[in-house]
Amino acid sequence: MNTTIMLFLVQDGITNGAIYALLGLALVLVFAVTRVILIPQGEFVTYGALTYASLAAGQMPGTAKLALALGIGACAFDLFVARKALHGRLILRSVLTNIVLPSIVLALTIYFAAQKPPVAICIALSLVIVAMIGLYLYRIAFQPLAHTSVLVLLIASVGVHLALQGLGLLFFGAEGQRGPAVLSGAFTAGALRFTGQSITVYAITIAFIVGLWLFFGLTLYGKALRATAVNRLGARLAGIRTTLSGQIAFLLASVIGALSGIMIVPITTLYYDSGFLIGLKGFVAAIIGGLVSYPLTAVAALVVGIVEAFSSFYASNYKEVIVFMLLIPVLLLRSLAAPAVEEEKD
Amino acid sequence: MSALLSVTDAHVAYGKVEAVRSVSLEVGQNQIVTIVGANGAGKTTLLSAIMGILPLKGRVTFAGQDLARLDIEDRVAMGLGLVPEHRELFVTMNVEDNLELGAFRIERSRAKASMERVYTLFPRLKERRKQLAGTLSGGEQQMLAMGRALMGEPKLLMLDEPSLGLAPIIVADIFRIVTELRTAGVSVLLVEQNAQAALKIADQAYVMELGEFVLSGKASDIAANERVAASYLGFQHEGASVL
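So the protein lines, in turn, are chains C and V.
Count the first sequence with the working numbering and you get residues 622 to 967, in order.
Count the second sequence with the working numbering and you get residues 2 to 244, in order.
Hint data in this document are derived by calculation from the structure and do not stem from the laboratory.
If you're wondering where the values come from, they're calculated on a predicted model, not measured in any experiment.
Glycine included, every Cβ here is placed at the ideal spot set by N, Cα and C.
One thing to keep in mind: the hints can contain errors.
[As the list claims (entries may be wrong)] Non-contacting residues of chain V with respect to chain C, defined by C-beta distances greater than 12 Å in every case (computed):
#1 93
#2 117
#3 140
#4 202
#5 211
[As the list claims (entries may be wrong)] To give an idea of the interface, some chain C residues facing chain V are shown, with a C-beta separation under 10 Å as derived from the structure:
#6 705
#7 725
#8 729
#9 844
#10 852
#11 855
#12 856
#13 857
#14 859
#15 860
#16 862
#17 940
[What the hints assert, rightly or not] Simulated DEER-style distance windows between Cβ atoms:
#18 C:716 / V:17: 36 to 44 Å
#19 C:935 / V:72: 51 to 59 Å
#20 V:177 / C:714: 41 to 49 Å
#21 C:952 / V:15: 30 to 38 Å
#22 V:118 / C:736: 53 to 61 Å
#23 C:714 / V:211: 45 to 53 Å
#24 C:742 / V:78: 52 to 60 Å
#25 V:23 / C:707: 31 to 39 Å
#26 C:627 / V:78: 52 to 60 Å
#27 C:953 / V:72: 41 to 49 Å
Just chain V, same shape as in the assembly (with noise of 0.2 Å):
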């Protein structure tokens, strides 16, 4: 079986400046696949142009169609789904519109049974479903941002630095819900500077350096590789990249 998201030498730009250089890089079903690097490595620059914000040279294929021609909106109801790093909530209107609109390409019979899950997922959300959206903690804009996207039965979900910003109880709360994901049949595309811990729960890895791949494999033998941990994900012994 093919993998689900292909992405085949990829170059993005900001006017003359490539900020993506030929990157290649494949998502399988049922699959966690994480990109780690350092701050401006490109990891956000490349999930935005596989999302179709940004224009990308090069070939991007998923659940086996040509993503080329296809505006972000089209590729959100084909099931890619993406958490952007700023979370872009409707910050103005209460949880649960947030969420009912991430069901806007599904029909209404299945959106009802979607939100049931994301509250099942993310119990606070439903504490707080009246409360409006930019009034929430940074860590409940997040699930609340991942609820949204989930409400519209992504198969592919691409998270940009979930943990950004949060308290390390609610970055593990985070991971053990995108391993959850996992489970339920959801592939994550996951971009983190938080290495160690994304490196924990994915199943690949690429390493990306100033807009390239310099490493990739499986991500239990990049945790391993000491040499790796020092040279390109910024951390000696375990516990030191945590901000």
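For reference, chain C alone in the conformation it holds in the complex (with noise of 0.2 Å):
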């Protein structure tokens, strides 16, 4: 193999790479404060993803109004579990988040569909309308679960994960599409040659982790957050409520999915069920990383890219298969290095 070919297949994995990282970092992150193994990620790829397409197409989104129906659940829910102990505060937080804000964005998304906007118009909607969506899943299907067990939790996140394929299959039709480049334009750099595009990921991607890494050090969400993935009772015991942490995990989550979508879009053709298979490999980035060690993922997930980059070009058909192999050693001596895991008690 010459340098060149090698060179651009280094920097093709670090590409996909970045991607699975933050997506393997949302996993973590989730799994660290919910226990919720989070299999619909590749779901708020996909919706992210397709629902800037759309947008940018001039197509009227379906996410939006899954958004909406979602929030009315979701308040739903929150009326129904303070039924006793209904006050007017909450009754209007809960209908001014829940039913309020995707009502207005429904009516904004209606308004800039019709017209074909610009692209920051089309980003920032799809940003909003899948956080929503994660937001509101939440309340909706993890919340009541929260103090069940972990496999409790990632049976019903199968259960949102097949929900939300299907969805997307009644919302963007079988068809792939593709959405404009956040940023068009490259440039050659020796052998080389970056597009906008891909240094937009490598752009958003950094910010992303740096933005994150200040959030948790610096911020008392941040650490609030961090102190319920530690030591949930102590958490509770300083006043933190599992659920705040929970949201702010989903909503964080959603938007990197989404993000990650949008990033993706321009680059390769998306179809309602790609993103499954993208967030399988934050997910094993994720596994790699033991679900606990942010650094690991990060690399594990940069590997998981180049891996897939070089087995693409090399037995592009048993690409998926090579990946996934990765993950058999790594669990082997995970497994050997901690012979006994208990289930966390509380």
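Got two chains here, each in a separate frame; can you build the complex from them with the hints?
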């Protein structure tokens, strides 16, 4: 193999790996805070990508309606749970965040979809829509199960994944879509050619990782999220609501998913079910990081991306097989290193 | 004036096993109340249930409000604090972050002053404020757990076995601080196996055995009652109970 091809593959691998890194980090975050293995992460990717592509093509994305429907459901849950101690402020807050907000976004989406909005508006709307879906899903599907075992949460997670995938087919149809590049143009450096899109991917990934690092290291809410992950009872005794931490985690995960989708969709055609496989590669990275380590997950994600790039060059039929095979030695080593796995009590 | 915390006819069960049966107690303003008794008497279970960690059958009121429908977090916000037996610190975060999070429900402007107070109470924590909680010694971890709870500006602080596994000199330090808290206007509900030390600083005391209160009264009376000491607290003479 000559160096040019190698460099090219590494570059390709890093671009994909950066996206897997973001997804992997989101998975670790959600698992640490809520113990949910977030299978629907892939659907956040698809929803973000296809909402963006639909809007850019001047079509009305069904996800905006889904957000409102889920919001109504979430509001109903809020009111039902608090039915014996309802007071005005609680009702007002729930209605505002769960019904008024998605209604406004839906109205904006209908207004803008009719007139092929600029890229920035498409991105903003897609992010907000998917973020709301993530938030309301937590309220409806996971918050009521928060005290159950990891296995129950995993089953709920699979259920949500299947439901969202089906809805994706309904909203976007079976054909794939592509979106406009966030940044067009390209430049070459030596043998390598950097497109505006790949630069965008690097820049957003790095910005997001730095942003998350600052959020977790410096802000009170970031620290509260870490505290919940480290010791759930301790956090509750400090007055930090587990549900608040869960909401923030899901909000971050859905925004990260949607953002990844928006970054990928100008490069690759995405279908209603493409997100699952993309999310799964983030999951491979997260597993290599043991579902606890953020730096290990980020590095593993880059490795996954590069392995994928090389295997698609040498044995493209087996590219997925090779990527997922990475897991087997890691799981073996981990199981040998820690033979007794006990489920967290509480 | 009514009691700050009042528990009436409380039952706590793990499945079908009742660990606490028909217990009633009161903690007044500016009081140290202790619950003493052997290991397994149900003391920790009772504290957990008052905090809302375990379901409790019976009536608990705090500062005049019924706690029945309130979550742990709401009880914290009302001024009820618990330092649990296992401390439950954020071990991978530093001392200062642990303390800062203790004031999660407190206004930011007040939290700063709160932290200064905690550092005055526990100068050791100030020296180690950038150190990870998990790397502290047992005594320092206990201080941090107490400090974190105090950051929430509790009206009543419940301490579960604060002396467990600590060197006598640190135990003395912690008990001295508990009496200082009373002076500062924080009531304390203290659960201890080290009955002698607890009875020495407490105003009121309850003796718990097999899930029930078998005796209650002024702490000094209970400490002075030799028959009680021998049969319930497991010590015959001064010093025998210190492990």
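Comparing the hints with the structure gives:
1. Residue-level check failed: residue 93 of chain V sits 5 Å from the nearest beta carbon of chain C, not beyond 12 Å.
2. Listed as a non-interface residue, residue 117 of chain V keeps its Cβ farther than 12 Å from every Cβ of chain C; the least gap is roughly 18 Å.
3. For residue 140 of chain V, the shortest C-beta to C-beta distance to chain C comes to about 18 Å, beyond the 12 Å cut-off, and the non-interface label holds.
4. The Cβ of residue 202 of chain V lies farther than 12 Å from every Cβ of chain C, with a closest approach of about 24 Å, so its non-interface assignment holds.
5. Its beta-carbon lying about 25 Å from the closest one in chain C, residue 211 of chain V satisfies the requirement of being farther than 12 Å from that chain.
6. Evaluation of the residue 705 of chain C hint against chain V yields a held restraint, the C-beta minimum of about 7 Å falling below 10 Å.
7. Interface hint at residue 725 of chain C: violated, since its Cβ lies 30 Å from the closest Cβ of chain V, which is beyond the 10 Å cut-off.
8. Look at residue 729 of chain C: its Cβ only gets to about 34 Å from chain V, farther than 10 Å, so that hint breaks.
9. At about 5 Å, the closest approach between the beta carbon of residue 844 of chain C and any beta carbon in chain V falls short of 10 Å, and the interface hint on this residue holds.
10. Below 10 Å, beta-carbon pairs count as interface contacts, and residue 852 of chain C has one with chain V at about 5 Å; its hint therefore holds.
11. Using the Cβ-Cβ criterion of 10 Å, the hint placing residue 855 of chain C at the interface with chain V is satisfied: the shortest such distance is roughly 3 Å.
12. Interface hint at residue 856 of chain C: satisfied, since its Cβ lies 7 Å from the closest Cβ of chain V, which is below the 10 Å cut-off.
13. The restraint placing residue 857 of chain C at the interface with chain V holds, with a minimum CB-CB distance near 5 Å, inside the 10 Å limit.
14. For residue 859 of chain C, the shortest C-beta to C-beta distance to chain V is roughly 5 Å, which falls under 10 Å, so the interface hint holds.
15. Look at residue 860 of chain C: its Cβ gets to within about 4 Å of chain V, closer than 10 Å, so that hint holds up.
16. Satisfaction of the interface hint for residue 862 of chain C is found here, the shortest Cβ-Cβ separation to chain V being roughly 5 Å, below the 10 Å cut-off.
17. Checking residue 940 of chain C against chain V by beta carbon gives a least distance of about 37 Å; that is not within 10 Å, so the hint is violated.
18. Range check, residue 716 of chain C to residue 17 of chain V: Cβ separation about 42 Å, and the 36 to 44 Å hint holds.
19. A hinted range of 51 to 59 Å holds for the C-beta pair residue 935 of chain C and residue 72 of chain V, which are about 56 Å apart.
20. At about 45 Å, the CB distance of residue 177 of chain V to residue 714 of chain C agrees with the hint of 41 to 49 Å.
21. Distance hint check for residue 952 of chain C and residue 15 of chain V: the Cβ-Cβ separation is about 36 Å, which falls inside the suggested range of 30 to 38 Å.
22. One distance hint, 53 to 61 Å for the beta-carbon pair residue 118 of chain V and residue 736 of chain C, holds here, with the actual separation near 59 Å.
23. A beta carbon spacing of about 46 Å between residue 714 of chain C and residue 211 of chain V agrees with the range 45 to 53 Å that was offered as a hint.
24. Separation of residue 742 of chain C from residue 78 of chain V is about 40 Å and departs from the stated range, judged on CB atoms against 52 to 60 Å.
25. Distance hint check for residue 23 of chain V and residue 707 of chain C: the Cβ-Cβ separation is about 33 Å, which falls inside the suggested range of 31 to 39 Å.
26. Between residue 627 of chain C and residue 78 of chain V, the C-beta spacing of about 59 Å keeps the proposed range 52 to 60 Å intact.
27. In this structure, residue 953 of chain C and residue 72 of chain V meet the distance hint of 41 to 49 Å, their C-beta atoms being roughly 42 Å apart.
Violation of the numbered hints given earlier is confined to hints 1, 7, 8, 17 and 24; the remaining hints are satisfied by the structure.
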